[in-house]
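In order, the protein sequences belong to chains A and B.
When we follow full-length UniProt numbering, the leftmost residue of the first sequence carries the number 1, and every step to the right adds one.
When we follow full-length UniProt numbering, the leftmost residue of the second sequence carries the number 1, and every step to the right adds one.
These are computed hints drawn from the structure, not numbers from a lab.
We put the CB at the ideal spot given by N, CA and C, even for glycine.
Take the hints with a grain of salt, since some may be wrong.
Mimicking SDA-like on lysine to any residue, the simulated pairs with C-alpha atoms at most 20 Å apart in a straight line are [as the list claims (entries may be wrong)]:
#1 A:139 - A:43
#2 A:43 - A:86
#3 B:66 - A:94
#4 B:144 - A:94
#5 A:144 - B:66
#6 A:139 - B:126
#7 B:32 - B:44
#8 A:139 - B:125
#9 B:139 - A:226
#10 B:139 - B:128
#11 B:66 - A:96
#12 A:215 - A:226
#13 A:43 - A:66
#14 A:135 - B:132
#15 A:135 - B:32
#16 A:66 - B:126
Only part of the chain B face toward chain A is listed, based on derived beta-carbon distances under 8 Å [as the list claims (entries may be wrong)]:
#17 72
#18 76
#19 233
If you want the footprint, here are the derived chain A segments under chain B, 3+ residues with CB under 8 Å [unchecked claim]:
#20 55 to 66
#21 94 to 104
#22 130 to 138
#23 151 to 165
#24 201 to 212
Protein chains: 2
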Amino acid sequence: MAAPYELIYYTGVPGRGEHIRLILEEAGIPYKDTQFLSVEEAKKSVMTSLNSSHENPSYFAPPLFKHGDLVISQTPNILLYLGPKLGLAGSQENDVYRVNALALTALDLLSNEVHDTHHPIGTMLAWEDQMEESKRRSKEWVQKHLPTVFAYWQRALKNEKRGPGPWLLGDTFTYADLVLFQCLDGAHYAFPKAMKQARETGKYDKVFKLYEDVKARPNVAGYLVSERRQKYQDWGIYRHYDDNDAVAE
Amino acid sequence: MAAPYELIYYTGVPGRGEHIRLILEEAGIPYKDTQFLSVEEAKKSVMTSLNSSHENPSYFAPPLFKHGDLVISQTPNILLYLGPKLGLAGSQENDVYRVNALALTALDLLSNEVHDTHHPIGTMLAWEDQMEESKRRSKEWVQKHLPTVFAYWQRALKNEKRGPGPWLLGDTFTYADLVLFQCLDGAHYAFPKAMKQARETGKYDKVFKLYEDVKARPNVAGYLVSERRQKYQDWGIYRHYDDNDAVAE
Chain A
1 MAAPYELIYY TGVPGRGEHI RLILEEAGIP YKDTQFLSVE EAKKSVMTSL
51 NSSHENPSYF APPLFKHGDL VISQTPNILL YLGPKLGLAG SQENDVYRVN
101 ALALTALDLL SNEVHDTHHP IGTMLAWEDQ MEESKRRSKE WVQKHLPTVF
151 AYWQRALKNE KRGPGPWLLG DTFTYADLVL FQCLDGAHYA FPKAMKQARE
201 TGKYDKVFKL YEDVKARPNV AGYLVSERRQ KYQDWGIYRH YDDNDAVAE
Chain B
1 MAAPYELIYY TGVPGRGEHI RLILEEAGIP YKDTQFLSVE EAKKSVMTSL
51 NSSHENPSYF APPLFKHGDL VISQTPNILL YLGPKLGLAG SQENDVYRVN
101 ALALTALDLL SNEVHDTHHP IGTMLAWEDQ MEESKRRSKE WVQKHLPTVF
151 AYWQRALKNE KRGPGPWLLG DTFTYADLVL FQCLDGAHYA FPKAMKQARE
201 TGKYDKVFKL YEDVKARPNV AGYLVSERRQ KYQDWGIYRH YDDNDAVAE
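Using the sequences and the hints, build the whole thing.
In structure tokens, the structure reads:
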């Protein structure tokens, strides 16, 4: 019997682990997931792994992914491992590098950057201790970064060299589309006003179309209404604070 | 004749492009590099590539790497492409994912995080317009994050499961060691006081030994004293500001 895929992550928010769930759900592959443990048990499982020196290499933070004897960390790295196995990393020579570049870029621009709007001074400080800076960074992100970021994804989706089709690689659906979807979904939660404005400009129609198209894929749609899909909270990467919910200039 | 390797990056600072230079220098492979153009010409070359929709996929930011018809972006992705070709991504099954995880972790903790100490509010604002926040984030980074980050790398280098040897994968030298070296080198420039203190505690001896061991590798040592190695400046990822040069509590 083949070894199961196993996600080790905090429970209670979608977080970075969500990218791993989405690729497995899209592929229709069963997997173990620490989210089905209690919050306390999941935390213990993550911490036991983190404090252990017994895995190779040691890792800094979850998500972790276990497959047989292999335990690896880093969201884009886990996706890179799974992508080709699940047929979601393209089909042409070097597509794996194209897909990885797109996934890394989505995570940089719409996950790490959006996270940092609520923790601009440091992740070890509570939000309450960096509220003013957080408000300033959020406004800066909405007014200056969001238009640049969305213009980039619109350009990437209009790129003729990739061929026709709605996906980042044209007519080939890959995990980069899933990553972009999840990042946009989180940004909707964090910045509902700015996302509504961005959609209404009509300038980023291909980006919002991709968001809707991924959401409507049968396996993704089924997953999103299942109890396996966790809700955003007031902790984790994507958070909503009224103070930060800035609008375009 | 095989297609040449070509780095497209800003000229004038080591920056993210430096990781690509180091892997090629260690392997002793010739490469084209826009740093040998004038600042103006290099900027033009980067901008022409960035504004073009003719590459597949479109990319958001340099470094870019060209090899024949392929043009890819994202530092860890370029390293992933080159690593196995240059024999610097390990030799065991799945080592490529171990090396990628380590490289991504070094870039997160010691490149992106250190960059953000001087731009906590936004990359489109000048440092002068976020000086106070920058000073606060730098102090937070030095006092809270640096000890955690260095304890992690020390743990990774003491991990017995990886086997004996001074490198992150034990006795197998990989590009993850090069990435960690370059990140530590940049951190020395940005935070000389804190790095000196960290070294003197003796708690991170394996981390500083790796730094020295990489620096002493013949091809790396030759490169570092060549004119191809650019100097840190008051722009780019690693910057030194006296105001930010915090000390441990």
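Hints, verified against the model:
1. Proximity of residue 139 of chain A to residue 43 of chain A is assessed by CA-CA distance (about 33 Å); at most 20 Å being required, the pair is judged violated.
2. The suggested pairing of residue 43 of chain A with residue 86 of chain A is violated, with an alpha-carbon distance near 28 Å, which exceeds 20 Å.
3. Restraint check for residue 66 of chain B and residue 94 of chain A: satisfied, since their Cα atoms lie roughly 12 Å apart, inside the 20 Å limit.
4. Taken as a hint, the residue 144 of chain B and residue 94 of chain A pair is broken in the structure, with Cα atoms around 40 Å apart against an allowance of 20 Å.
5. Distance restraint check for residue 144 of chain A and residue 66 of chain B: the Cα-Cα separation of roughly 30 Å exceeds the 20 Å cut-off, and the hinted pair is therefore not satisfied.
6. Only pairs whose Cα atoms come within 20 Å are accepted, and residue 139 of chain A paired with residue 126 of chain B is accepted, the gap being roughly 16 Å.
7. Distance restraint check for residue 32 of chain B and residue 44 of chain B: the Cα-Cα separation of roughly 16 Å lies within the 20 Å cut-off, and the hinted pair is therefore satisfied.
8. Proposed proximity of residue 139 of chain A and residue 125 of chain B is supported: the alpha carbons are some 12 Å apart, at most 20 Å.
9. The straight-line distance between the Cα atoms of residue 139 of chain B and residue 226 of chain A is roughly 44 Å, outside the 20 Å bound, and the hint therefore fails.
10. This hinted pair checks out: residue 139 of chain B and residue 128 of chain B have alpha carbons roughly 17 Å apart, not beyond 20 Å.
11. Pair hint residue 66 of chain B plus residue 96 of chain A holds up; C-alpha atoms about 16 Å apart against a cutoff of 20 Å.
12. A C-alpha spacing of about 13 Å is found between residue 215 of chain A and residue 226 of chain A, which places the hinted pair at or below 20 Å, so the restraint holds.
13. Taken as a hint, the residue 43 of chain A and residue 66 of chain A pair is honoured in the structure, with Cα atoms around 16 Å apart against an allowance of 20 Å.
14. Of the supplied pair hints, the one linking residue 135 of chain A and residue 132 of chain B holds, its CA atoms being roughly 15 Å apart against a limit of 20 Å.
15. For the hint pairing residue 135 of chain A with residue 32 of chain B, the CA-to-CA distance comes to about 44 Å; that exceeds 20 Å, so the pair is violated.
16. Under the criterion of a C-alpha separation no larger than 20 Å, the hint pairing residue 66 of chain A with residue 126 of chain B is inconsistent with the structure, at around 43 Å.
17. For residue 72 of chain B, the shortest C-beta to C-beta distance to chain A is roughly 5 Å, which falls under 8 Å, so the interface hint holds.
18. The beta carbon of residue 76 of chain B comes within 7 Å of a beta carbon in chain A, closer than 8 Å, and the hint placing it at the interface holds.
19. Annotation: interface hint on residue 233 of chain B violated; nearest CB of chain A at approximately 23 Å, more than 8 Å.
20. With a cut-off of 8 Å between beta carbons, the region 55 to 66 of chain A has 6 residues touching chain B; three or more are needed, and the interface restraint holds.
21. Counting residues of the region 94 to 104 of chain A whose CB lies closer than 8 Å to any CB of chain B gives 7, which reaches the minimum of 3, so the coverage claim holds.
22. Given a C-beta distance limit of less than 8 Å, the hint that chain B covers the region 130 to 138 of chain A holds, as 3 residues qualify and 3 suffice.
23. Residue count for the region 151 to 165 of chain A with a Cβ under 8 Å from a Cβ of chain B: 8. That meets the three needed, and the coverage hint holds.
24. Given as covered by chain B, the region 201 to 212 of chain A fails the check, having 0 residues with a CB less than 8 Å from a CB of that chain where 3 are the minimum.
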